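Kindly generate the complete structure, drawing on both the sequences and the hints.
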Amino acid sequence: MVKSEAASWYRIQEMFRFQSFWMYGIIGTAVISGIAAVFLIKKWRIKDAQGEVILFQNKDGKWTKYVIGGLIFGMGWALAGSCPGPMFVNLGYGYLTILLVIAGALLGTFAYGVIRHRLPH
Amino acid sequence: MMEFIQQPWPWYISGLAITLIMLLLLYNGKSFGFSSNLSTICTLMGAGKASSFFNVDWKKQQWNLLFLAGAIIGGFLSRSFLYSGQPLQLSQATINDLGKLGIPFDGGLNPSFLFNSNFAFSIKGLAILLSAGFLVGFGSRYAGGCTSGHAISGLSNLQLPSLWAVVGFFAGGLFMTHVLFPLIF
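Protein chains in written order, with my numbering: chain A, 389 to 509; chain B, 6 to 190.
Treat the hints as calculated values from the structure; they're not laboratory data.
Careful, some of the hints might be misleading.
25 Å max Cα-Cα, derived DMTMM-like pairs, lysine to aspartate or glutamate [as the list claims (entries may be wrong)]:
| # | chain 1 | residue 1 | chain 2 | residue 2 |
| --- | --- | --- | --- | --- |
| 1 | B | K54 | A | E440 |
| 2 | B | K65 | A | E440 |
| 3 | A | K430 | A | E440 |
| 4 | B | K65 | A | D448 |
| 5 | B | K105 | A | E440 |
| 6 | B | K65 | A | D436 |
Quantities reported herein were computed from a predicted structural model and do not represent experimental measurements.
Next comes the structure, spelled out in structure tokens:
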């Protein structure tokens, strides 16, 4: 993530301003190759290390939680310039104050767990 | 050889590496989804007492915590051994836009303007960094995943709910960037 600059607040800004292909290149390559790979795994019933056929779960539910949760996440993603993975990559890289963002993320996760019954799903 | 891998890596290498990671996890009977680590950490910190949501067996998620540790180590190693010393090649348009908001481009991955300890511990800095993290944590749990779980794993499996999530991610990010940033910065 570091070497391809995916763990970069600046690159995320560039992406949300449509001012470079870069991040779309990264995500697009991953999605297209991912779709191809999963298709082949299903077609050839490829097995995992335990000898079991690799199975995929379908995601349940109406669009509500995905869209609303997604919107909230997206706002945080742009402001923080990282999603959960890059937060920790940046920590290792040396941006120690990202611990504040991580602390916020843990609080947000906790808050969801506590109030989720009152939210539309 | 070292100079070669110290240069910034092209985007397609990163994209393929991400898929490779997803495949390696599938091969080991797991799936690629990072944000559940945030939930596991809450469980480890005792959140199960506050909500049944966190009353889970964290040991089943040990592999994912290892992945998190790996991400930290990876960040460290790439800084220590693979650092190119070159500034990030950000597009001039973005540099200009950020400049108008008062955020200078310093050539690094993240703006030291926001992440230096003086700003980070100021009232405004704390408010921004904590709420940014809060939105990511809350949103990813509500949506049941972040970019790895939905954009990568979900879309690879052609899951429509994941497409909804990704649409949400982008709409939220665009709203923050174009509507809220001028108000915040």
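Hints versus structure:
no. : hint            : in the structure
1   : B:K54 / A:E440  : violated, 36 Å
2   : B:K65 / A:E440  : holds, 18 Å
3   : A:K430 / A:E440 : holds, 12 Å
4   : B:K65 / A:D448  : holds, 22 Å
5   : B:K105 / A:E440 : violated, 55 Å
6   : B:K65 / A:D436  : holds, 18 Å
The structure is inconsistent with the numbered hints 1 and 5, although it conforms to all the rest.
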